[in-house]
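Got chain A sorted already, so can you dock chain B onto it with the hints?
This is what each chain is made of:
Protein chains: 2
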Amino acid sequence: MSKLLLLAQKFNCFYLTGLATRDCKPFIVEGIQVGLIRPDVLQQLLKFPEVFIVTSGYVELNPAFRNYEERTIKVDEVLKKLRTEQKFVTLKGWRNECYEVKRDFSSSSLFKMDRCATCLFGIMNYGVDITGYVRHPELGICIWFQKRAANKQTWPGHWDNLVGGGLSVGHGILETAFKESQEEASVSKELMKNLVSAGSVSFFYESQRGLFPNTVFVFEIELPLDFKPVNSDGEVDEFELLPATQVIDKICSPNFKMTSVPVVLDFMIRHGIINIENEKELLRIIELLHVPLQTLYNNGIPKKYAFGIKENGENGPVE
Amino acid sequence: MSKLLLLAQKFNCFYLTGLATRDCKPFIVEGIQVGLIRPDVLQQLLKFPEVFIVTSGYVELNPAFRNYEERTIKVDEVLKKLRTEQKFVTLKGWRNECYEVKRDFSSSSLFKMDRCATCLFGIMNYGVDITGYVRHPELGICIWFQKRAANKQTWPGHWDNLVGGGLSVGHGILETAFKESQEEASVSKELMKNLVSAGSVSFFYESQRGLFPNTVFVFEIELPLDFKPVNSDGEVDEFELLPATQVIDKICSPNFKMTSVPVVLDFMIRHGIINIENEKELLRIIELLHVPLQTLYNNGIPKKYAFGIKENGENGPVE
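Residue numbers (numbering that gives the first Met the number 0), protein chains in the order written: chain A, 0 to 318; chain B, 0 to 318.
Hints in this document: simulated from the structure, not taken from any laboratory. Some hints here could point you the wrong way.
Same chains, same names: a pair is fine if it fits in one copy or spans any two.
Dumping the calculated DSS-like pairs for lysine-lysine here, alpha-carbon to alpha-carbon at most 27 Å [claimed, not checked]:
1. Lys79 with Lys279
2. Lys101 with Lys279
3. Lys178 with Lys279
4. Lys101 with Lys146
5. Lys146 with Lys227
6. Lys2 with Lys101
7. Lys192 with Lys46
8. Lys188 with Lys279
9. Lys192 with Lys279
Given the structure is predicted, the values throughout are model-derived calculations rather than measurements.
Just chain A, with the same shape it has in the complex:
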């Protein structure tokens, strides 16, 4: 088995097996599915029937809440209670920084939620990552990585892309890219003129904390050979520049942040470092960098998609 395919399956563990095996309920707001709720979370939400209406098939945010503000406040009250009662480890890391809750990226937002809580509801989240690289005359493409500070709330001490950040309420994509580049690695404005948008990756990961249907807007920046990143917000412990040949071992190691791996793979595929000549499973890996999150909860699934899957879940001709 290709180790990169294995890795792509790991960061899609919920997409590939959780969706089918975990007993989650759709989370509905204003008739639109915006998330998925695991049984452990459901157990707690049942204690707030005036906020969450639980049926056999789904969990609905009380439709009596009429607008963005009211929904935001009502959900926030519940989350703060759950936090005080220490029901969920992820709520310990309260951020006072919110993500929008919406149907898909281009829809209008239904309410906002502290970013530490969105994984309890399987809310789609969006971020920005920048791969910083140099073209070394002998070593070829080399990639910069950062080691996350040991006191970070998520993935402390793990290796990560040079620059990254979640897209929180009120901040644009380019704005986030520029802000994080400055704070995390002190990339100058002059250098940032070389920033190139290069698409996105989407995957659906699950950890003990919760569900992560993540979409990352992917950027890259070619840096001069003598560039040295300098952290200015205390969130990075060190930086390292690695030749592309050593990157696969790096991302396969358990101290690399799993949810940052897709961005590295996408970069290495776009630049021909990983290709069909050296990776037999290239096509499956590419599929797993682009799982259809924008249409997973609503709409886009053709009814006959499951040709050839039998009632018992095994594959084969269906009669």
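What follows is chain B alone, placed relative to chain A:
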């Protein structure tokens, strides 16, 4: 509605609507689904019950055919009869060039079939496309296109990528890229050192001819400003170099080969020409450049994928 999203929906017309609405049957070989058969094709296959076993749920190649050669010969005989009887327009363009029929790209092949016939069976096909571009000092990135010769069997007189070709039996991916670069555009071996593998696109198109679940291995090559492509196999009528700003109009025009559009979009997204600032539907477009063909016929579909889709096919909370 974004015109690029509309385009992405057009080259995925079968994926987005055909799968759900067209009454196709899975095509099974050795217990593995390798294709889909439309009613018009089924009608003809019913006349060859010794080759195709038709049940209410699927069409199976007679399992009595024991190996690659026997399957190839038996199917070929049927196709040649259908060709003589002029049952299908696509068979007029017999190529004497075969595609492998297999479960997915990295599986071993079950038999081979003339490439003009694979669309009758919805067989996955694989190709190679090269985007040739220059970085112009004033105009920025400019892309080379070819106009297909008026006598080509498919998409005659349509605009297309600089270099492209199907992956036929016995030919490797890089080999095909080099061969076609030479024949179609006379790109020198020296220049080909700049060829970069950049991943793949996958989409599922349908036309009157048949079904096209296509995966293209995507390459790009930066060319010198003074490069001029020269055709040497008679399959190209002319070439044109276009600034990126004019490319969107080009690919939206009806005289651009629809099944080559995904490669252009992918290139423009990878190079930041199409980005989230100028294309609100970027994420959906990227999803439609990577539909999960490798797992569409077999395996990878989580049973609960269709959360939120009601029995009647409409969306909404499912109870």
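Now for the hints, and whether the structure bears them out:
no. : hint               : in the structure
1   : Lys79 with Lys279  : neither (48 Å within a copy, 34 Å between copies)
2   : Lys101 with Lys279 : between (37 Å within a copy, 15 Å between copies)
3   : Lys178 with Lys279 : between (38 Å within a copy, 22 Å between copies)
4   : Lys101 with Lys146 : neither (32 Å within a copy, 43 Å between copies)
5   : Lys146 with Lys227 : within (14 Å within a copy, 47 Å between copies)
6   : Lys2 with Lys101   : between (35 Å within a copy, 23 Å between copies)
7   : Lys192 with Lys46  : neither (52 Å within a copy, 65 Å between copies)
8   : Lys188 with Lys279 : between (40 Å within a copy, 26 Å between copies)
9   : Lys192 with Lys279 : between (36 Å within a copy, 22 Å between copies)
Figure legend: structure checked against the earlier numbered hints; hints not met, in rising order: 1, 4 and 7.
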